[in-house]
Structure formats: C-alpha cells, structure tokens
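Novice: So you can see what is in the structure, the chains are spelled out below.
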Amino acid sequence: MKLELSGSGLGLLKGLAITFRHLFRPRITTQYPEQKLTVSKRFRGYELVWDRERCTGCATCAKACPQGNIEIITSMGTENDYVVDKFELDSGRCMFCGLCVESCPYEALFFSMEYELAKYRRGDLVLSRDQMKRGPDSKPSAYARPKLEPGLPRQTLLIEGSKGSKKK
Amino acid sequence: MALWPFENFWAHFAVFTILIIAFILLMVMVFIWFERRAFGPFQMRWGPNRASPWGALQPVADAIKVLLKEDIVPAVADKWVHFLAPIVGFLPVLLIFAVIPLHNGYGLIPDLNIGILYVVAISALSVVGVFMAGWGSGNKFSLLGGMRVVAQMVSYEVPLVLSILSVVLVAGSLSLNDIVGAQSIPFFVLMPLGFLIFLVAAMAEINRGPFDLLEADSELVAGFHTEYSGMKFAMFYLAEYGHALAMSAIAATLFFGGWKGPGGEYVGILWFLLKIFFVFSLLIWFRTTFPRLRVDQLMSFGWKFLFPLSLINLFIVAGQVILWGEIPWWAIFINFPVAIALIYLWSRLFKLGGGRVEVRA
Chain D
1071 MKLELSGSGL GLLKGLAITF RHLFRPRITT QYPEQKLTVS KRFRGYELVW DRERCTGCAT
1131 CAKACPQGNI EIITSMGTEN DYVVDKFELD SGRCMFCGLC VESCPYEALF FSMEYELAKY
1191 RRGDLVLSRD QMKRGPDSKP SAYARPKLEP GLPRQTLLIE GSKGSKKK
Chain A
32 MALWPFENFW AHFAVFTILI IAFILLMVMV FIWFERRAFG PFQMRWGPNR ASPWGALQPV
92 ADAIKVLLKE DIVPAVADKW VHFLAPIVGF LPVLLIFAVI PLHNGYGLIP DLNIGILYVV
152 AISALSVVGV FMAGWGSGNK FSLLGGMRVV AQMVSYEVPL VLSILSVVLV AGSLSLNDIV
212 GAQSIPFFVL MPLGFLIFLV AAMAEINRGP FDLLEADSEL VAGFHTEYSG MKFAMFYLAE
272 YGHALAMSAI AATLFFGGWK GPGGEYVGIL WFLLKIFFVF SLLIWFRTTF PRLRVDQLMS
332 FGWKFLFPLS LINLFIVAGQ VILWGEIPWW AIFINFPVAI ALIYLWSRLF KLGGGRVEVR
392 A
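Just so you know, the protein sequences line up as chains D and A, in that order.
Just add 1070 to wherever you are in the first sequence, counting from 1, and you've got our numbering.
Just add 31 to wherever you are in the second sequence, counting from 1, and you've got our numbering.
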C-alpha cells in the first residue's frame, strides 16, 4: 500500500520552509531618498533640454504640442535667421507625450533624465528658457535621439552593490 | 515570596496591577514593531526603518497618529454600546495577565488554584466586546462581521479548552504556577499533538494568522470595527495584539515551561519573555506563510478536524496518565509518531469540498 500524501498538511510544511528560506534572501527594497535607480536610457523625464545652438526657432514643437504648452517668440536676426526671444514650457500641463521632441527637425529638443522636480507653486512649473538650456549639467535622454544612447548608463532595476543586485 | 517586600495585600495588588498594565502596553508596542519588522525579511523587504534606528519608534508614531484622529460615531449607532465595546473587548486581555506567573510565585495572583479555568473563562469574554462593537455600529456589515467573529471564537474555544485540559491532566493542577512546576520536561515535547492543536486554535481565537478572514486587510474594510476610528480603534488594535501576547504567554506557560530555565533564581522572567517571543515568532511565521481560509473551511476545519483530534488527544493523554502516572521522557518516541499518524489519518477522513459548488440540473 502506498501512502497518499497529498492533502495531509505537507504543503503547509513546504510553505513554512519556503518562507523560512526567504528570511535569508537579499532584500530587494530600494531605500529611495538614499538609494536611486538609474532610469531607462529612453526615459521621458520631466523638464526638457533645449539646445540653443541647434534651435532655429521654427516653432515646430509648439505646433506639435497637443496642449499648446510651449510658447515660443522669435524675432529676425542679423544673419537671415531667427533669434529665439522667449521659449517657455508649462510643464504643469504637460503629459509627456513626446511629440515636441519627436517633431523637432534639428534635434534641438530632448527629454531629460530628471524626475525629482516637484514644486510648491504652480507658477514654478513654467520652465523658462534658461532652465531648459543645454549645458554641461543637463542630462538629455535618448528618447527619439538614438545617437545619445551609447553615452548613457544602463538602466538598473535593483540597487547596484546592494545585496539585492545579482551579478551575472 | 521571600524576595517580595510587599506583604500587605493592597500594596501588592496596586504595584502588580500597575506593573502588569505597563508590561502589557509596552509589550504590545514591542510586538507591533517586532511583527512588522519580522514581516520585512519574510517578504524580502526591510519593514519600518524610518522612525529612529530600526524603526523602533514606529509604534509610538502610530499611537500618536491614532490618538490625534477624529473620533467618529455613526448617527445610527447605539451610542453607549458603541462606546463600551472597545473597553469590554480590551479588559479581558488585562485580566488574563492577573494569574500568569511571571516568575516562580510572582504575579498578581500566580497561585490561583483555578488559574487556567479563569484564563479560559475570561478570554472568552472578549467575544462580548466584539459582538457589542458589531451591534453598536448600526451597520449590517459590521454586525455580520461581529457574528462571524463570535462563531469563529466560540467554535475554536472547544479544541483550545480540550488541548488545555490534556495539560491539566498531566500536571494534575489548574494552577498555572503548579503547571509550570510540573514541567521538568516541557509539555510540547510530551504532547506534540496537544501543542499543535493549542497553537492552531489559539491563532483562530485571536483572529490572526491564516484565520483573520473577518478583518482580512487585503479584502475587507475591517469587519466588526469598520465604524471605529481614533482612540476606540486603537483600543481594538491594542486588544488584538494584547490577545496575541496573552496567548503567547499562555502557550509559553503551558507548553514551554514558563519561567523555568537554567541560570539561577532571578532570570525566570527573562526566560518567560524569551519563550513568549519564541511563540509569537511562530505565530508571525505562520501568518506570513499560510493563505487565508474561507468561512466554510474555517468552520469545517474547526469542527471536523481540530475538535475530534483534540478529543482523541485528550483520551490518549488520559490513558497515558492512568498507565504511567507521570508521563516519562521516553514517551516522546511514542507520542511524536502517534501525533503524525493521527494527523495523517484525519487528513484522509476529513474533506473540505475543495471549494466546489454543486449545481443541480
């Protein structure tokens, strides 16, 4: 006679063994303010990055924006070109669709990798030209700009160096 | 009582009442922290770790938060019953600790000659508080939740008491201090089946672990205390963890030898605390592992599985007591296989129906 073991409470013991093993597994929590994960290379982050040298003031981005968030005012320059006098983005109403970045014919507009830019006042959400200007500190994302991709760090899903990240 | 300076009964009474209330409130906070902290590694996370090192002040923060909350009484509530229910629910928890010996002969009334009977009677009282809460809320779902708690607690009281009875049979006394004194070998080794039944029934009795379907955090609002907020809710929370503490203390007393342990006369309370924490860790482990039962599964498990097994356990222990007088240490080699065989046998005889609903054509 063979003992039929299913349904005799062995499953409970197995479950107990599994949870007990969990006690010694590494913890996967990212302790956010102290530890941060690297976002995707094609991250559609808050705050656009605007390249002043490349921008011709064509206002394609403003036309592409479904919300009409981008305000751009240009005047005639000296060398048969436009000078951008005002370039503002009301990021409070932005839905991060990315149409402005995709539509820019001169690749002058990028998404950024930033995501921690909560503000206390609604007026602070309107980003001025200087806030968006591309400089050494700005971190343009590779969204719709595949050329940038090799220079960006790999996305991480677990904290590097924490007990949670398994080296392969 | 050589160590104790208060020979006067009233001085003894006052000091121990204050000590016990302080002990319970402190231990409940430690338990809440310990449980939340212990859930962390079980679920591969950290648990509370923001308020002070290791999150040790987390229960304090929670207590302050809950004290500052608005106390809402529903317009249709039975005001007095609604007000009294948390008190009636919490009081028995305090009363249980009156008879638990913290050390050899130390406690409020550690030598009460019907100690364990008193514990059983008093702990059953908190059902009244729960039902009052369900009724007094003036809300049919709270009432249903309260009735379910009553059904569960009354059902699991039976195997709980029967497994306690087997301990009483072996120890030959109802006094908790004598029961501890009788344990030269801890009773959970001599009566593994009785200990398992006690543990499962206790988990059901205090509405936690896999038996918390009445206030299932992830499924329901809260069961019987849906309409409670602020301090009154805190009282229920306190009563819940106080009950867990009381059950851990009773299990430590009945099956793990209470204050007994190596290391001199003065460390009995430490051994007792250590055993309480051990039992509570078991409860945490079970709670984080087992899936929640359905109501019909709960009832049939209580009545068809635990109740007959606890009766059989009682008969076996009674037979052994008649045969040998005091159960000898080599009874371990008989009782463990018997326990395993009985659990296996009963799992064959007992079917839950597997959640199928029969539809008639």
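Hints should not be assumed to be uniformly reliable.
Stated by the list, open to error - Derived SDA-like pairs: lysine to any residue, alpha-carbon spacing no greater than 20 Å straight-line: (1) Lys-1084(D) <-> Phe-73(A); (2) Lys-1084(D) <-> Pro-241(A); (3) Lys-1084(D) <-> Lys-335(A); (4) Lys-1084(D) <-> Arg-379(A); (5) Lys-1084(D) <-> Ser-312(A); (6) Lys-335(A) <-> Leu-1082(D).
Derived by calculation from the structure, the hints in this document are not laboratory data.
Note that the structure is predicted; figures quoted are calculated from it, not measured.
Novice: Which of the stated hints cannot be reconciled with the structure, identified by number in ascending sequence?
Specialist: 3
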